[in-house]
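Peer 1: Sequence:
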Amino acid sequence: MISLLALALTSACATPSPGFLSVPRQDVVVGGTRFAVFRRGNEAEVIRLDTLPRAELAAIPDRMVRAAEQATGCTPIAHSFRAVGGSNSAVARVNLRCG
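Residue numbers 259 to 357, in the working numbering, belong to the letters of the sequence shown in order.
If you're looking for bench data, these hints aren't it; they were derived computationally from the structure.
Yeah, the Cβ is synthetic: ideal placement off N, Cα and C, and Gly gets one too.
Take the hints with a grain of salt, since some may be wrong.
Said to hold, decoys possible - Derived Cβ-Cβ restraints for the label pairs, each shown as a range:
| id | residue 1 | residue 2 | range |
| --- | --- | --- | --- |
| 1 | Gly289 | Ala336 | 17 to 23 Å |
| 2 | Leu310 | Arg283 | 16 to 22 Å |
| 3 | Gly331 | Leu307 | 17 to 23 Å |
| 4 | Gly344 | Gly277 | 26 to 32 Å |
| 5 | Ser345 | Gly289 | 14 to 20 Å |
| 6 | Gly289 | Gly331 | 15 to 21 Å |
| 7 | Ala313 | Gly343 | 16 to 22 Å |
| 8 | Gly299 | His337 | 14 to 20 Å |
| 9 | Arg355 | Thr309 | 27 to 33 Å |
Can you build the whole structure from these sequences, using the hints too?
Peer 2: What follows is the structure in structure tokens.
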């Protein structure tokens with residue numbers, strides 16, 4: 259029972275980094291994966307909400323960039339994707355061209 263409660267609490271957790279706390283959250287689904295996206299100016303923080311098998315992790319950076327685009331309506335700047343906390347992190351930032 260306790261492990262089920264822990265899973266429920268962590269799977270819904272999507273608290274952004276301190277610099278993104280005051281911006282609204284937008285949830286999107288890309289390629290069957292759920293993301294929470296927070297936009298601050300010309301930058302988005304994207305949080306993967308789903309747990310995925312290791313074999314699917316290679317597709318996540320592209321999905322995160324597309325999630326930022328879908329949620330903000332802005333164009334992601336090429337090669338601006340950067341994982342926060344390591345290459346397999348569930349959190350990343352993307353620079354955007356908005357206008």
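Peer 1: Determine for every hint whether it applies to the structure shown.
Peer 2: Each hint tested on the structure:
no. : hint                           : verdict
1   : Gly289 with Ala336: 17 to 23 Å : 20 Å, holds
2   : Leu310 with Arg283: 16 to 22 Å : 21 Å, holds
3   : Gly331 with Leu307: 17 to 23 Å : 21 Å, holds
4   : Gly344 with Gly277: 26 to 32 Å : 19 Å, violated
5   : Ser345 with Gly289: 14 to 20 Å : 19 Å, holds
6   : Gly289 with Gly331: 15 to 21 Å : 19 Å, holds
7   : Ala313 with Gly343: 16 to 22 Å : 21 Å, holds
8   : Gly299 with His337: 14 to 20 Å : 19 Å, holds
9   : Arg355 with Thr309: 27 to 33 Å : 32 Å, holds
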